[in-house]
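Make the full structure from the sequences, and use the hints.
Protein chains in written order, with the working numbering: chain R, 2 to 322; chain B, 2 to 322.
Honestly, I wouldn't trust all of these hints.
Said to hold, decoys possible - Derived Cβ-Cβ restraints for the label pairs, each shown as a range:
#1 ASP314(R) with TRP227(B): 34 to 44 Å
#2 GLY238(B) with GLU83(R): 46 to 56 Å
#3 ARG78(R) with ASP207(B): 41 to 51 Å
If you're looking for bench data, these hints aren't it; they were derived computationally from the structure. Don't be surprised by glycine CBs; every beta carbon is placed ideally from N, CA and C.
Protein chains: 2
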Amino acid sequence: MSGRRRDDPHALLEAARGGDRSATARLLSLIERGGPEAREVGRLAYPLSGQGYTIGLTGAPGAGKSTLTSALIGHLRALDLEVAVLAIDPSSPFTGGAILGDRVRMQDHAVDPGVFIRSMATRGHLGGLSLATPEAVRLLDAVGKRWLVVETVGVGQVEVEIAGKADTTVVVVNPGWGDSVQANKAGLMEVADVFVINKADRSGADQTRRDLEQMLELSEFGSDAWRPPILATVATGSEGVGDLWDAIIAHRTHAEASGELERRRSVRRRLELSEVIVERLRERARDLCTGERWEQITDEVITNRLDPWSAVDQMLDAIDA
Amino acid sequence: MSGRRRDDPHALLEAARGGDRSATARLLSLIERGGPEAREVGRLAYPLSGQGYTIGLTGAPGAGKSTLTSALIGHLRALDLEVAVLAIDPSSPFTGGAILGDRVRMQDHAVDPGVFIRSMATRGHLGGLSLATPEAVRLLDAVGKRWLVVETVGVGQVEVEIAGKADTTVVVVNPGWGDSVQANKAGLMEVADVFVINKADRSGADQTRRDLEQMLELSEFGSDAWRPPILATVATGSEGVGDLWDAIIAHRTHAEASGELERRRSVRRRLELSEVIVERLRERARDLCTGERWEQITDEVITNRLDPWSAVDQMLDAIDA
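Have a look at this one:
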């Protein structure tokens, strides 16, 4: 990279497409940070992307999502497929909530050039994740990753939404889940394309399967609609991971043939567009609102003399004047 | 309400301040829905608010937050204090993830006129909760509620942020939490004013206390800064709930005397202002971008012929022209 500006998106993207992992990591950092350079990365990556397939993996904290992701990576590598993982889960070993054993297990993959793992910050500016995640996925797609796993925790508004925006969404539950109040059931049911009962060697797995089947029976499925299958895995021993992969492929095949994949991607692009609009307007507001009048209005709100809605009306009037 | 428009914010606020609970519920629905009527409610409530005190209660799913909230309600009622609860936790019995026992327990309070419980939708438009929650708190304040409990799940970007914006934030953990990877520890540590080890009759409570103390020792506290106390409760038996209340009062007293409360509320108002700016700009974009040119740009993005960043640039150019 000598002789080039360290953060030049053009040069970084070229290097990343040539297999330079640190360039890929650097580009993802630019996306995470936002602003003009992130936009430039997005613009450049756009025409280069479109070949990748995104798998969302979500579920309650402790459901074993990271272990399952790790086992899935192993399965894909055995099939000689390359995979990239974005972990957006504060309880994930990928994102640093690790116990040592998990970290070590991850490290096996971390030195494999066919595997790229990246954790995204889960905190910071509102909406940041919703915008940064599709951009990061597109970047990884543009640098040649064909299989992309996005792991999020299945609790929290933003996180469930992100998982639901994948091409195929896998929802991971555990035996006993049916009785517990721990999971955002309705939200998870809605985004699931494939259900996995992980830790299926524990008692209660059959009951959990019956619960899920019952819930699915309450849902309306058209005659040619996809009906989420229910799989059982023991991720720590990689049991059932081959079946999970087959189910993902079956869903992909169905979604491609039925037009559902294209429809879903259109919805996603529309959502991303609206996020980008808000982001750009936010920037514009920042640029416009640095004058004395703005400081005065802000001060009135902070000291509780003016409500924020009236303040913003005054501000917008000032912009239009 | 006969002879008045059902959704007239003025009339509803008057009725709510006179003790009409259904009017309060209706106003909260307007806030949840957003738009011009929500803004009008916000404007009207603003000058009437400022007497209420907000307690945030958060922790991992299954930590017993709702049971603790319920026990706290009982304690406050015994002190003849009125309380309002906003539940923003998909795993909360308040928000409908209930097992029957919890629901029944809640119903005891639901018929008490000194208690107002409301669940807020956890899904929907991005940023919706971040804006709707402070508005809902202000409305409850404006209709005379002096003690406001905001219960959120301590996982997820938006949810932890919302809990951290309370006047006093209580973080609920369980024995064994120290060893688990289930909680967004760093995020929770940062927002905690009071720690509660709930289910403290289970084994491991002492170790959890030592873990928390150790983490607190790693933090920097000024000589006159508030240091979060660590309490033990068994919420199902209301054990330790009096101590929790005393700790909340102690934190309030300290925050008021040190100026921390005023500082925190200023930060909150500034954040709310910036959310309102984004919301208004989003509306403005919707108004401005309904023409033929806009439809065309949107279509190019949805069909993947144009990247969203370039699309928004074109759109903004059109607005400025």
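### Task
Taking the numbered hints from earlier one at a time, note which ones the structure violates and give those numbers from smallest to largest.
none
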